[in-house]
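If you're matching them up, the sequences are chains A and B in order.
Okay, so the first sequence: first residue is 1 according to my numbering, each after it adds one.
Okay, so the second sequence: first residue is 1001 according to my numbering, each after it adds one.
Calculated from the structure, these hints are not laboratory results.
Errors might be hidden in some of the hints.
Claimed, not checked - Only pairs whose alpha carbons sit at most 25 Å apart, straight line, appear in this in silico DMTMM-like list of lysine to aspartate or glutamate: (1) B:1086 x B:1185; (2) B:1162 x A:218; (3) B:1054 x A:218; (4) B:1035 x B:1073; (5) A:241 x B:1126.
Computed from a predicted structure; not experimentally measured.
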Amino acid sequence: MLSDITIGQYYKADSFVHRLDARSKIILTTLFLVIIFMCKNFLSLALMFVLLVVSVLACKVPVKMFLKSVKPIIPIVIFTAVINVIYATGGTELVSFWKISITTKGLATAFFMAVRIICLIISSSILTYTTVPTALTDGIEKLFSPLKVLHVDVHTLAMMMTLALRFIPTLIEEINRITNAQKARGADFESGKLLERVKAMIPILIPLFVSAFNRAYELAFAMSCRCYRGGEGRTRMKQPKMRVGDYMMLLLFAVIIAGVILLNHFFGKIV
Amino acid sequence: MDNYIEFKDVSFAYENSEAAETSAVIKRLNLTIKKGDFVAVLGHNGCGKSTLAKLCNAIEIPQSGKVYVDGIDTSDEDRLFDIRQKVGMVFQNPDNQIVATIVEDDVAFGPENLGVEPAEIRRRVDEALRRVSMYDFRFSEPHKLSGGQKQRVAIAGIIAMKPECILLDEPTAMLDPKGRQEVMDTVKMLNRDYGITVVFITHYMDEAVKANRVLVMDDGAVILDGNPKQVFSHHDVLKRVGLDIPEASQLASRLRKDGLKIKKDILDVDELFEEIVGILEDKS
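Chain A extracted, bound-state conformation (with noise of 0.2 Å):
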């Protein structure tokens, strides 16, 4: 269950979205996050939906890499779906029966959320499979350093996501290591009433912070004995490049921003 987990997986691949630089590829998710929200009738939906398919097909992922990741949000999607049909009030009324009626308005915005949703996860699965961990947090660390002005440590909190990224598997290998050694010890985990399942991970979860704080600890020697200081006078060996190929997307993106809002001025507003 836990091996699923698909948080900053990285998919080695050489297409022209893994050698767009870390901040333009932040910049163009959280764009089309936003402008994914902004669309207000079927044709600009239509149009996010073409992006996306394209950006999927051009970075040369597998498309069953991104099915995994869509996968476990589906039980969110339905049941984001089913409060919006429930709740969403006018439109034509189709079916009514007790105190629920369900309208033409409440099913175009329970479709227009699943879409949303799906289209969030996919769009930052592309970001985190085309994109090294390490550019990725260098890149965060780099778009927020002008918050250094505000006394936040854009340093540090980027080293803090490194690390998390870097012990993610470090830390499953050590939860596979601690089911297995209570397992032998005569631990039951897969039968019982919830509470009870609950229960015993008890005893997986206790060793497993000692012994992240342990690791914690022996980290902390380990990067003091190799000079580390925070941010300070600290250099990078990869210096990130913004490149035409980057300033492209940055131009493509605005014009399909302008696009959205066109066709949600033309062509009526749905939702």
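Fit chain B to the given chain A structure using the hints.
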């Protein structure tokens, strides 16, 4: 050879230690380690051998006495990062010292902290990875490597900082025999070909045998000091502090007790084999 690390009458105790009187981990230690030497430090758990390493690169500062690294006093806080650049340290658990998610980024971590120019870091990283034969894995994710490979990456991360000395605190304790061999070969090569001073803490006798100088520690003091042949001839002392004697050496001493004329300072199997063959030839 010049003295590189110098302990002058050093005593050290961990603070907040419960048993106050007996908490001195290092007791009035005097020791010099020469530049370019390969020193193995042996001792059972809690004898102070890890603390010895921590004193060498200013992680711990002695309460009394002084430790000098290349002439710099380790209690001089202004020179802290100079000392740590000169004396790199490799720890037991390779997982807990790898910082980045890609091998080459991890090796770059040290030089980046030192503020080295990007192009120079690139050069150093490639060179360090080639030296430990991990260049082909430079784009790999550390958690997909074997223990021995991870430990070599950790060593590369240290040598990219261009240290003059490397301290290794039981670097092979968590590795399988193949991984141990890889790490040992790498460290030997760095010492032989690049003149890096090595302080190798271990509890494996067969690794200590390969050093130029062996220190045996017990209860915060060095009780044996000399080349492997000298040290491993003190069977009684080694047994008393709970250390094993290399197997070949053990067999040799038993054969000698039974009246065979075998040399006293045998350390490895090949040597013992030659000796026995020699005796058999004499008889026939």
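Verification of the supplied hints:
no.	hint	in the structure
1	B:1086 x B:1185	holds (22 Å)
2	B:1162 x A:218	holds (22 Å)
3	B:1054 x A:218	holds (13 Å)
4	B:1035 x B:1073	holds (17 Å)
5	A:241 x B:1126	holds (21 Å)
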